[in-house]
Amino acid sequence: MSVLSAIIFIPIFAAIFLFFVNLHITLVKIVYMLATLTVAYLAVRLYIDFDASSSMQFIEQHAWITQYGIKYHVGVDGVSLGIVMMNALLMPLVAIALYKQRDKRGYWINLLFVQGGIMGAVLALDLMLFYLFWELMLLPIFFMIGLFGYGKSNFISMKFNMYTIFGSLMMLISILYMAVEHKEQFGFYSFALDELKNITLTTSESLLVFSGFMIAFGIKIPIFPFHTWLSDTYRSAPMGIVIVMSALMAKLGTYAIWRFLFTLLNETSQELAPYFIWLGLFGLIYFGISAISQTHLKRMFALSSASHLSLIVVGFYIYSNYGLIGSSYFIVAHALSSAAMFLMVAMMYERVQTYTIESLGGIAKVAPLFALFFAFFALSIVGVPLTAGFVAEVLIILGAFEYNTAIGFFAATSLLIPMLFMFKTISKVLYGETNEKTKNFQDLRAHELLAVIPLALLILAMGIFPNYFIKKIEPTAKAFVDKKEAVYYE
Amino acid sequence: MSDNLLLTLFLLSPFLSAALIFLINLLFKNAKQSVYTFLALSGSGISAILALYISYHSYFEKQIFSSHLFTWLNIGDFTIEVALKADALSSFMILFVAPVSFLIHIYATGYMNRDASYGRFFAYFNLFIFFMFLLVLADNPIIMFIGWEGVGLTSYALIGFYFGDIQNTYAGNKAFIVNRVGDFGFLSALMLLFLSIPSGGFGFSNIFLNLAEIEPFTLSLIAFLLFVGAMGKSAQIPLFVWLPDAMAGPTPVSALIHAATMVTAGVYMVARFAPLYNMAPEVSLFIAYIGGISALFAALIATKQYDIKKILAYSTMSQLGFMFMALGVGAYSTALFHMFTHAFFKGLLFMAAGAIIVAFHHKQDIRDLRGIKFPKIFVMMAVASLTITAIPPFSAFFSKDAIMGALYASGHIELFAMAFISSLLTAFYMSRMMFVLFFSKSEQAAKESPKSMFYPMMLLTLLSVFAGLLNMPELFGGNLNFSHWLNLADKFYTIPHAKEWALMSVNTFFIALVIYNTYKKYAYTNEIIVEKNYGWVTNKFYIDEFYNKTVVVLLHKFSIFFDKKISNFLIDEKINLTALAYLKLGKIVSIAENGNVRFYALYMLIGVVSGFVYLYLLLGSVL
Amino acid sequence: MLKSYMILSILLFSIGVVGLISRRNIIVIYMSIELLLNAVNLSLIAISADLADSSAQVISLVIIAIAASEAALFMSLFVVLFRNRASLDANLFDMLGNKNER
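Protein chains in written order, with the working numbering: chain A, 1 to 490; chain B, 1001 to 1623; chain C, 2001 to 2102.
So here's chain A without its partners, still in its complex pose (with noise of 0.2 Å):
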């Protein structure tokens, strides 16, 4: 078995096995930290063995279905591998960070879930092989969200399945037609990406076949008009899976949109661009702006994702080295941020028992290090210098510059949105007098230091020293601008 496939099955075996083994919950968090950090460790060292002079590594090809020839292939290459670090790091964390406020078994076995889900549809190079585990990520979800959620868990765990499902469902008939024009003009079925690519469509037929792809993917952004799920699950939802969510599944779809939709279908995704350019655009002041009046701060912070993630979106449209470059460490500078604000909510959840932004305040006098981290997170998030975030968004509006100047302007407002509601919300959260829920505040006990502590640090090194980073996308991100090229120039 080789390291990706152990990134991929080390957390659903250990899951399937807390699920048949009745453990003891303090076993159960062991089999859990054991589980995740060996998949850090495998993760670490696949970046260390990455390398930086070519785009798809570490392929893993077996048979599987073979009459109609699908394939468990997996590979990872420059943008991919971003995800699965921020994967294989932000679990053990989380766990780290917020072990003392869940005993539930079923919390742990459904993350560890979660994350083998993410990891087999950031590797799969075959369709049949992500839609398998596109669809076992959301599941854990479900549970999650019903089990452990606040509020109308039920009501808004229904909806975000029925949201999610509807939105694979017209991807799984977009899989399959390809696969079945694949039978026609080829002879034999196939579902590998690479094979896939090359059937001809119609315009129409190419037309419907990436717009059932896009809805998965604009579902699970969530662009504009399909974020009302959004807000509502994120403030639902239990403090890991909201984690999960907009750190890594969100991505996820812009990921897939790049993965997929650009080496299937490039030259529809060309022509469209500029409406998902715009549509991004909108979404990122639209979800901006909406979260200045929010009050819960799960929910503003949904809106802020949501907002950058519209940005990221463009910045894949852009179709430019830049702009991919840019994304893809957005994705990765995003979420650690989003990680660690999360994180620092769930953590001042558990002391004052409140989400609303007014009934805080003055966490600064008696809480520094909660309120440095805070800060600092919130920061980032704006994506103040010396952070990664600064780093891709100068790539990504440098990106959109090159596309057209108006666009660049758009997306240069990128510096402000945030900081509308960001700013607000620290002074109100951390500064001004103490009152009544706050003035017992107590400050970072050494795990939660433990957890945010590389973050922090993750984020700076990022943000100073790009380049190093920057290095493993790079031939990925060439090789994808010359086949663009290719496909302009024919």
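Treat the hints as calculated values from the structure; they're not laboratory data.
Being a predicted model, the structure only gives us computed values, none of them experimental.
Among the hints, a few may not be true.
Claimed, not checked - Per the computed footprint, the stretches of chain B lying under chain A, defined by three or more beta-carbons under 8 Å from a beta-carbon of chain A, are: (1) 1157-1164; (2) 1184-1191; (3) 1558-1564; (4) 1567-1573.
We put the beta carbon where it would ideally sit given N, CA and C, even for glycine.
Fit chains B and C to the given chain A structure using the hints.
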């Protein structure tokens, strides 16, 4: 010591001291104040000494120091090196930024004495000068932008330093947000600039080599957007609203950041891009007008202010307006020279104000501070005030007069008029403040300022008086040493000596007249209490209210509209309705499913019969 | 000849269906079901004779055997149902329906 290492050390010493202070502050709750003092002063002190060394060599030996740290980004053509370069302009900047910072550091050790957040203050303070040095020394605009944003960020932290009062943090928010509006322009300009120059790196020298290849419209757009950045940082109309509010920070912060260094970054940036602005004359003229309007506007508002720090804040904005006017007509080194003298006298004014504020228990309203008895501070403040009003032979006389001369010679008489009126207003509000503070029948006395506050001010007083000698115009036997050192793409204006004499004397005469009238009006009278304090000027022309109504409230309304009306009502409601419609349909259909087996049999029968009927119709012809 | 057997079989089947639908007593419903079965049996036997193929007769024998065991099952069911509701009115037993949701 090699040049490379020297420059790196210069940049990193405040950073290291900030980091150390920061760590000590986090790890050791009861660290001694003297540890912080030592670290803070050594950090800024080393860089001050190195700054003097560097600019000495730059001035006398035309030496250019440079240092390459590491590659920040390298994607295709987009190569950004973290490289430092101290050419004449940068050396000139650090020549006053670093020593003034050091002096204000010393002052701050007295001002912040026994403050609970002593360590945190100096961590931010040193971090600020690190970013300021990065801004000044950066060899390419992206790194400059990082410093640019960094000073904004630390300024945010320092304005909201006393975060117990949430209003202070709001002032910090406002400063950072308004600054970022400017940064939006700055970054857009940089992106456009990068895309329009051919490959070969994004260093300043390469940019200026390739300026000719940019098409005129793009060039003007870039020049304009860069200036938007400068507007934000240097508090020019319409992005000035943050500066008066920024006075919420401790007074050393106001002295260092909002008077001597950070706000001048915009001026520095425009001067840095001088070749670009020379090619976009219409934008330059626009800059001059914005500067003129800002100078006039701020001076007008300052005449009706009562908060001692706010008066100085508006005066800063007004002086920055002067500098921009000079920049706009192409007299770059003149503007920079005024910035140089301004750093000393405005720093001094703020420090003196801080000394008064400390001595009189944080009273800031000049109506409460009437007739204070504070002889040493009085002398220094008087010198600073006379300097700012451009009375010969104090330093600002030379710098301001050079600006006036350049404006006059440039042929834009309306600019000259604005500058002239502003300078008269300056004389008025400064002397008003002085006479109200020190010339009154009632007398209040206070204890002397501590030595750590006194000596830096002493030194700045001397500098305020004598700094003018460094760029003496020909008229007084000088030869514009600084201008020659800086060697910018200046447009030199020469006017006949007779005219220059006339200009100076008229100017000085009117200023003296204004001061005399102000003395009659405010000294030993109750005028300050009885004068009307309402109307447009007192309320700063309702600009804050205007922004509040248009931007803040509107955005909030939009937010609610988007969230409640569009997201919730228009989209979510409809999607939920679709789901509910299915539920209703199911209810209707489920009437048939009543649980009674006999009905099911009936349905079966109906089904079978209709099946047969269908078959019969289908096969009728065959049978 | 086959035709008349088939007509008889159809008639029997129809009577059975009508009884199944219209009667409320469960025992009568059961009897109707038996009628249905026997109608089918009859048609099977008739067709088998007509085609001179005995396999259908085997099937009908199996059906008769199953019907017999079914009868035993039904009898016990009647007892259980009667115990529950003290009645054998089919309309009372509608727990499968939507009324019992939630």
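How the hints compare with the structure:
1. 1157-1164: holds (count 3)
2. 1184-1191: With 4 residues close enough to chain A, the hint holds.
3. 1558-1564: Coverage by chain A holds here, the residue count being 5 at a Cβ distance below 8 Å.
4. 1567-1573: holds (count 4)
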